[in-house]
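So the chains spell out like this:
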Amino acid sequence: MTFALETRELTIRFGGHVAVNAVSCGFAPGTLTAIVGPNGAGKTTYFNLISGQLKASAGSVHLQGHDISGLSAPQRSHKGIGRAFQLTNLFPNLSVMENIRLAVQSRAGMGLNMWSIWSSHKDLIRRAEEVLETVALTAKRDLAAAALPHGDQRKLEVAILMALQPDIFMFDEPTAGMSVDEVPVILDLIRGLKTQGDKTILLVEHKMDVVRELADRIIVLHNGALVADGDPAEVIASPIVQEAYLGIEVAK
Amino acid sequence: MLHRLLSGDLPRSRVLAVLLILIVAGLFLVPFIFPGAKALDVAAKICIFIVLVASFDLLLGYTGIVSFAHTMFFGIGAYGVAIALTRLGPTWTAVAAGAGLALLVSLALSLVIGLFSLRVKAMFYAMITLAVATAFQTLASQLSDFTGGEDGLSIRVPELLTSAFPEVPRLFLGVALNGKIISYYLLAATTVVLFLVMLRIVNSPFGRVLQAIRENEFRAEALGYKTVIYRTASNVLSALFATLAGVLLALWLHYNGPDTSLSFEIMIDLLLMVVIGGMGTMYGSVVGATIFLLAQNYLQDLMKVASRGLSGVPVLRDLVHPDRWLLWLGVLFILSVYRFPAGIVGKLRMKAVVKP
Amino acid sequence: MSTPLLQLEGVHTHIGAYHILHGVDLQVAQGELTVLLGRNGAGKTTTLRTIMGLWSASSGSIHFDGQDMTARATPDIAQSGIAYVPENMGVFGDLTVAENMLLAARGAQRAEDLDAARLEWIFGLFPAMKRFWEHPAGLLSGGQKQMLAVARAIVEPRKLLLVDEPSKGLAPAIIQNMISAFRELKQTDTTILLVEQNFNFARQLGDQVAVMDGGRVVHAGSMAALAEDEDLQQHLLGLSLASHQ
Amino acid sequence: MNSTATSAPALEAIPKVKLDLLPMLLLPALALLAIPLTGSFSTWVTLTFAGLAMGMIIFIIASGLTLVFGLMDVLNFGHGVFITVGAFLAVTMLGLMPAWTESEHLWRNLAALVPALLVAMVVAGLVGLVFERVIIRPVYGQPLKQILITMGGMIVGEELIKVIWGPQAVPLPLPAAFRGSLLMGDAAVEKYRIIAVVLGLAVFAVLYWVLSRTKIGLLIRAGVHDREMVESLGYRIRRLFVGVFVAGSALAGLGGVMWGLYQQSVTPQIGGQVNVLLFIVIIIGGMGSIGGCFVGALLVGLVANYAGFMAPKVALFSNILLMVLVLLWRPQGLFPVGKR
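Protein chains in written order, with this note's numbering: chain A, 1 to 252; chain B, 253 to 608; chain C, 609 to 853; chain D, 854 to 1193.
Chain A extracted, bound-state conformation:
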């Protein structure tokens, strides 16, 4: 079977520190994999290596079996790797609509079109409106992104990713810093993506209840290395995860 996405011996060092240490892992198409691990385990760095924000010191990233290690972040985005960020990362002074439209436009490869009026591309705008609809932000389409409450900004972050229509969705703690009543909205969006069946989803998340419910599979990173991989219930119960989270037993 060809993996939708695969990393082979993926490694990055910062000075003497190995942040991600020879992680080999394949992600089957249509599955949702949760990546867990304590703070500083290298999860976000692992994401950065896959989406191209960082270049690996060693190892490779493969998309549908093709080595994409040499590609830049924009090129990987065009190949179908989409990424939502841990800290909200929007265009603050542009409107909600324009934020999403920039993603739709990138997907359509229209960025270098200098001679048409942007608002005349009805198809792109319609597509953006659809996405707005799914995240229930239609009423706020003309507000500047910076003016949105935090929960809506997180929704917009996810909406931008959906507008890109990637094959691989990467969510980095999508519910971080959200109030309790806002969390289900985001989870419903991810659940919706999962039920489409053809999307490969990678999810970094700390809330174990969320992970257990959504994930088909869990991998555990600890000190940059992949230490466990498998069925959610099994992995969560395994001693290695206990150790990663609780700390190594040290003689008293």
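Check the hints yourself; a few may be wrong.
What follows is a list of derived Cβ distance ranges for each label pair [unchecked claim]:
{"no.": "1", "chain 1": "C", "residue 1": "R718", "chain 2": "B", "residue 2": "L391", "range": "52 to 60 Å"}
{"no.": "2", "chain 1": "B", "residue 1": "K603", "chain 2": "D", "residue 2": "L1174", "range": "22 to 30 Å"}
{"no.": "3", "chain 1": "B", "residue 1": "R591", "chain 2": "D", "residue 2": "L979", "range": "41 to 49 Å"}
{"no.": "4", "chain 1": "D", "residue 1": "L875", "chain 2": "A", "residue 2": "R126", "range": "54 to 62 Å"}
{"no.": "5", "chain 1": "C", "residue 1": "G618", "chain 2": "A", "residue 2": "T195", "range": "38 to 46 Å"}
{"no.": "6", "chain 1": "A", "residue 1": "A146", "chain 2": "C", "residue 2": "S664", "range": "15 to 23 Å"}
{"no.": "7", "chain 1": "C", "residue 1": "G624", "chain 2": "B", "residue 2": "Q552", "range": "39 to 47 Å"}
If you're looking for bench data, these hints aren't it; they were derived computationally from the structure.
Since the model is a prediction, treat every value here as computed from it, not as a measurement.
All residues carry an ideal CB built from backbone N, CA and C; glycine is no exception.
Assemble the complex: chain A is given as a structure, and chains B, C and D must be docked to it using the hints.
Just chains B, C and D, lined up with the frame of chain A:
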């Protein structure tokens, strides 16, 4: 129709719309309302600087890049035409050749500067462009065989554009329609076209990407936009439009020298116009250029009066000396960066949103 | 019970559009080691930074040693007797170990002015500091930098020590060293507020514990009680979710 | 857990201090390379001294600029104002004491020059204090606005200088004893250049000593690295920054006097013109590095003089060329200042 012409970017403020209509109407009626060489000259300068300021805003306001090399491209345009006309004689072919060559030089230069240094931080880029522009200015005054050195080049332009054409001009509403009037209207028409083209560019899908880069370059990259390409494209476009503004300048003045197109003072003027008019809005360039150039004349006259009135008060007299007008615009500049960074246009639009 | 050395009441902190702390109530008693536990994003680091004044509380109050610290600037807060070891260790890489230590001492102008006896004591805790005394701190390994960060914080006695995840990313041997150092530090009656994710590390050192979640302290009590009570651990830390089913 | 692991080999390894000597070798390499190219040895000596003198003055001026950048990420496009203020103050001060400056006695010349230097430093420092408060403080951490506003400060400053000292160029003659040259073998070396070199070395030595041997210096270097931590240790970094800014302005004032005497005339534009050289120097050196600033300034001075002799037309671009070459070799400058 208007919507298409303005690329969907309407003034969005009644006051601004009225102001713009007044400016445009004023510019087109100047020969008839304010006869005399001086008024026409100020109006022509306004037109040229609208193009120049708009092209600078494409870079500074829309893409968020500070460059101090913008007058270099302005100078290349002006020198290109001036040198071609000196060498090839006053023909339209010479104008086309000069402009074409100047555009090529600007293209190459802006591409090199862009690719070499656009990856670095804003301050770094500002410093590098400042250094390059200074070197270019020195080059222009050293190559006096071509450029006329510090004296510059006085040029003969195609006959159509000279005040001696035609021998017996027709009178229209009491104004003699000679070559000077013709060249003014050609200039004004070119300004309108170039302005609308730039307005279109900033309102195209491409223009939106530029704004996205200004707002959050990292995220634009993650969306799949190769930002180096866009930043370089913005740099090149802005340089080409500045070059065209330079062509217009040389054709209007029948002269070009370091002080009219290359000097750092003009760069400063440009900064003042962009910031006061409003960064990130094309209309800001219209408002900024008009206000600045009117102030340059009006303010100096006012200061002359004030200075004479205060001739007994030592320091104050010197502070309002007409040569010190830049002092006051400098103060205005600093205040506007602090107080209303979106400039006059931004302020007007904001007001329009607050009370619809 | 006497008044705590440090007391936070209803502290809210915003960072930009983020509302991170949603009313933190926390007490740190004189002479004890209090551990702040909680998963990633619970607000532990933000709590420490808010105490240090690096981020300002948007509402609520912070009292330290009988004084209101809520609106004070970071240098004032530090001078009132709080030492801080940040998550990134804050080691000055261009400076030598000796110079790093010197900067943390208030009166000393030169390394020779440092209290020799105390220095020997610190060298006893972290022998590597003596060995690399004249070396640029940037060349130290991650574990050594962490030691330097802690050593620097105790170069002079302080009323309160704030330490952010001293075990993060360290090899087991170094963690062991760190635990012994903190044990020794506790002997000197230093009050410590320690942020940890590593529960076993925390369990060995803590007198008191506060557990954070969603920007609030959701449990406070003695470490002994929490360490005994598996159910409470499960409930609070959500760490061993499936392990005992 | 195995307790022997506490003395793991990784702990024992003593890190080696790597001294980055390559950029420093550039200076002698460049000087040696120039010997055959300049033709005669005596010409070479004259040119080298001229280059070193120019470099030293630029270093004095640029040192404050690069430190201010390193400490607070503030790049002051208005630094030239302090230079011009210093130069004009020298005109005024020396103009008040013609008898002393025209005297053939060295001590009388010095008695005129030293107060002029001091006044220039103090006043430029005060101007810096005002500049920091009014122009820079409101735009900390906003690079775009900072560039614009410091440029605005430059415009207004230059205009105010014109109000005080007038818009024209003013002569600034050297005190009598500093005129003329000394003969070193066949080579003639201008006396003033020797003074400039000595003064530049002195400033470098003092700065180096302050930065590496005093607590204030340690704080500055620590602040460049991590200003939040410096505050967490109980120091007011703002106050430190203002101190560095004022000291940097004072040095620029001192350098302005030196530059004015070097040019023997002063215009209101003098600061703006030197600004460009300063930027080239701090880019070459690595922004924030004093050592880099020193090497960069001397490189710029030497290259300008060698090129000026060998190919005058090229000389005007030699600095830009130098900058491009250095950046191609080390994109962060000769001594990149490490920021985690």
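The hints, checked one at a time:
no.	hint	verdict
1	R718/C to L391/B: 52 to 60 Å	53 Å, holds
2	K603/B to L1174/D: 22 to 30 Å	51 Å, violated
3	R591/B to L979/D: 41 to 49 Å	26 Å, violated
4	L875/D to R126/A: 54 to 62 Å	59 Å, holds
5	G618/C to T195/A: 38 to 46 Å	42 Å, holds
6	A146/A to S664/C: 15 to 23 Å	20 Å, holds
7	G624/C to Q552/B: 39 to 47 Å	46 Å, holds
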